[in-house]
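Asker: Listed below are the residues making up each chain.
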Amino acid sequence: MTERLRARIFFVAGFIFLALYFCAALNLPPWGDYRGPYGDFISRMVVYQRHATDAVNAINYDYRGFDTLGEEFILFTAVLGVMMLLRRRADTATREANKIKETRKLSISVQVVNFPVFFVTVVFGFYIGLHGQLTPGGGFQAGVILASALLLVYICENTEAFQRITSHRAVEVSEALGAASYALIGLAALCLGVPFLTNILPLGTTGDVFSGGNIALISACVGVEVTAAFLLVIYSYLEEIVTGEVPEE
Amino acid sequence: MIPASGFSPLPVAVPLLGAGALAAIRRWASRAIADSIGIAFASVTLIFATLLLLHSLQGTSVYWFGNWHPRGAMVIGIGFVVGPIGAGLATLTALITLLSLIFSWRFIDSGGNHFQPLVLVFLGAMCGFVLTGDIFNLFVFFELMSTAAFALCGLKTEEPAPLQGSFNFAVTNTVAAFLVLTGIAFLYAATGALNMAQIGAAIGARHDSLVVFAFTLLTCGFFIKAAIVPFHLWLPDAHAVAPTPVCVLFSALMVELGLYAVVRIYFSIFEQALSPHASTLRFLLMSFGAITVVLGGTMCYAEHHLKRLLAFSTVCHVGLMLVIFSLQNSLAIAAMLAYLLAHALIKSELFFTSGIILHRLRSISERVLFRRGTGLRGTACLWFIGAAGLAGLPPFVSMIGEAGTSQAAKIAGVDGISWLFFFAGSITSAAVLRAGMHIFLGAGENPLTDRAAEVGEMPETTPENKKIFWYHFAPPLFCICGAIALTFLPGWQNVLRDSSSNFANQQAYIHTVYSTGSAASAQPEWNEEIPSAAMHGFFAFIFAIALAVTSVFRAKLPHYLRIGSFLERGFRPLRLMQSGHPGDYVLWLTIGLVVFGSVAALALVH
Chain A
6 MTERLRARIF FVAGFIFLAL YFCAALNLPP WGDYRGPYGD FISRMVVYQR HATDAVNAIN
66 YDYRGFDTLG EEFILFTAVL GVMMLLRRRA DTATREANKI KETRKLSISV QVVNFPVFFV
126 TVVFGFYIGL HGQLTPGGGF QAGVILASAL LLVYICENTE AFQRITSHRA VEVSEALGAA
186 SYALIGLAAL CLGVPFLTNI LPLGTTGDVF SGGNIALISA CVGVEVTAAF LLVIYSYLEE
246 IVTGEVPEE
Chain B
12 MIPASGFSPL PVAVPLLGAG ALAAIRRWAS RAIADSIGIA FASVTLIFAT LLLLHSLQGT
72 SVYWFGNWHP RGAMVIGIGF VVGPIGAGLA TLTALITLLS LIFSWRFIDS GGNHFQPLVL
132 VFLGAMCGFV LTGDIFNLFV FFELMSTAAF ALCGLKTEEP APLQGSFNFA VTNTVAAFLV
192 LTGIAFLYAA TGALNMAQIG AAIGARHDSL VVFAFTLLTC GFFIKAAIVP FHLWLPDAHA
252 VAPTPVCVLF SALMVELGLY AVVRIYFSIF EQALSPHAST LRFLLMSFGA ITVVLGGTMC
312 YAEHHLKRLL AFSTVCHVGL MLVIFSLQNS LAIAAMLAYL LAHALIKSEL FFTSGIILHR
372 LRSISERVLF RRGTGLRGTA CLWFIGAAGL AGLPPFVSMI GEAGTSQAAK IAGVDGISWL
432 FFFAGSITSA AVLRAGMHIF LGAGENPLTD RAAEVGEMPE TTPENKKIFW YHFAPPLFCI
492 CGAIALTFLP GWQNVLRDSS SNFANQQAYI HTVYSTGSAA SAQPEWNEEI PSAAMHGFFA
552 FIFAIALAVT SVFRAKLPHY LRIGSFLERG FRPLRLMQSG HPGDYVLWLT IGLVVFGSVA
612 ALALVH
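Protein sequences appear in the order of chains A and B. Quick note: the first sequence uses our numbering, first residue 6, plus one each step. Quick note: the second sequence uses our numbering, first residue 12, plus one each step.
None of these hints come from the bench; they were simulated from the model. Fair warning: this is a prediction, and the values are worked out from it, not measured in the lab. The beta-carbon is built from N, C-alpha and C at its ideal position, and this holds for glycine as well. Just to be clear, a hint being listed does not mean it is correct.
With beta-carbon atoms standing in for the labels, derived distance ranges [claimed, not checked]:
1) A:V214 - B:A84: 35 to 41 Å
2) B:S47 - A:A166: 35 to 41 Å
3) B:I302 - A:F16: 22 to 28 Å
4) A:V199 - B:I58: 54 to 60 Å
5) A:Y242 - B:S47: 30 to 36 Å
From just these sequences and the hints, can you work out the full model?
Answerer: Structural data, given as structure tokens:
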């Protein structure tokens, strides 16, 4: 099938699809007319039931925590898949790729600016991760911020430090354990005789860092998993540049 | 002590925990240790799934995660609805996964111990998929299942073909995820609910364009997973390149679960809404199913790459299951599940045997293998027995599915379905027989071939060791024994019929979710249909042998009798459809979606 024919047929089919979509959308409730009782219920009850002020995270990590377990494992599996697809077999011969190593040195000013930015990013990451039950944030967002802090290390040309951190086996282990510990928290509830992922921690005082029960703990585990997952993916993608070796043809 | 219904989350939690643990020690563990841990976690999952199944026989239970029970009509958390059908499918999933792991024991290249954790994730996702009663949770497990499947499909990274097959699979199934998610968004916007029972109760008899479009999106999205024509194009490509144990998981479980999701969603959400147009809907679903049977069967016979051949036979049989579902009564659902069970066992057996062939003879192309398998008696037996099972020869359990279908078709007043059974059984069986005659009997001369079979697949095992051990023969033997033994165990059929009557009844489902337990109602028997189904299976097998013979000994036959070789050459438009270009695949599935959606919109709205 030629590109052109394919595009033409697709536009006709796509147009019909859009028409169907439009017809269906006509029957949606009008803009701004929230019908569902769920949102109203959660926003009324979340502080009372969970002592958490961030309703979104209360849903993510508590009311519908089981979905988030699945979502976390989607990330875990995707990273496992990327590492498998990009793996270097033990018998792959590599050669030095000089061109990649010989890049011009960055100016010292970039490094000077980057250094404080790195620390601010790390602190910000921890803040976001540990306050998920109070303000928007949580483990997923914190993980991305913390992983990008390490990208700053890479950007200021400290590839050796970057390689030491990201290629460390501890990253892989903490990624796996971060994912598994979510399932373990769920199983802990089961051992206490209540359903999977039921809150088993004290709820604390509303507004306090130590509040919201399971939410903070799960959020921390997710944070570890996501940080490590992003580092693994970044390392898999940059491996050839960082090590300066490419597989021999 | 936790009551048995407390085990409900364990078929999901145990394999996920195992995947995490295995991934943590992946670099240090030797192959044997990683395999043992994988098998151990799969076995524990199987035990819990079986306990759950035994418990569910006393009545469907609902399990609320986080102890969030519904408030009045509003569901707060996520619920598992554990009935005999869901728990039974979870048990089947755990069993087949365990067999696949045993088959791959220190044998199939594991990609640096990535294989075992990915399989465990796949197992956990499938168990969650069949047990959940929440449509967004269903989507989460759909995604988890797909992610693990994409990676498993591309396990053999040394060649470009697995990456291409995996890529086509990923593109089409991501489109599927988009369709499903959009469908869920429409339903949520209209009802404010994610629990299927709550959505079903909120929609009631409403069947405006929104409900019908959401039905289209969800059904077509899961049809992509279920490989219904024209959504099926990814499937042969993915099967051709995936390692054997992964093919087993795809063909015996994942594809059928796509159809299971369609059935589950239809009977929990849309049954009442679409019931005024039941006959139109039946026509629509039956057309898609019948086209799938015919096209899958025809392409199956035209393939000479053993795994592609088996993959198209899966397409053909899934089409048949869709035809059974389109009868839309509860007996049909029981028949469909019986057929699904039979197909899962027999297709696993054939794929395991193809893995043994690939291991022993280092090739998977029928022409290359010609006369090279004459010494492999055990493998040949397994292959031919599998062929008989595909045709539904008694005493294989597939004939029970056919008997149930005849009874259900009588109730629905539909004729001619047994011809589809005859076609699907005989043509797929003939294709397998033809390959077997060429490979193991060395019959005929100069086998035909096609381009896809000549791409050549690298063996998935290490070349030094062509030896074969008992644990390679054990999984296919177990499947065969299971497929025969189930015919003589009558108890499960009654359970299946009774639980289907609850499963295929929206009011009963909603009632089950909101209260606890439900009474099973009695169902009509299908025993009187078994003799005629057995007869059909027998004739289908005879016809399959005849067809294979006209293919293998074509040179000795007059022109007008060379039906087999005519079919074997394939049809050019059908081959062109299977172009391998992901753009074409997305185009075809868009066309399928638009056709389904337009017919549904014109016929089902008001």
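Asker: State for each hint whether it applies.
Answerer: Outcome of the hint check:
1. A:V214 - B:A84: 35 to 41 Å: Holds, since A:V214 and B:A84 (Cβ atoms, about 37 Å apart) stay within the stated range.
2. B:S47 - A:A166: 35 to 41 Å: At 38 Å between Cβs, range holds.
3. B:I302 - A:F16: 22 to 28 Å: holds (25 Å)
4. A:V199 - B:I58: 54 to 60 Å: Once the Cβ atoms are compared, 22 Å apart, the range 54 to 60 Å for B:I58 and A:V199 is violated.
5. A:Y242 - B:S47: 30 to 36 Å: Holds: the Cβ-Cβ distance is about 33 Å, inside 30 to 36 Å.
Hint violations for this structure: number 4 only, all remaining hints satisfied.
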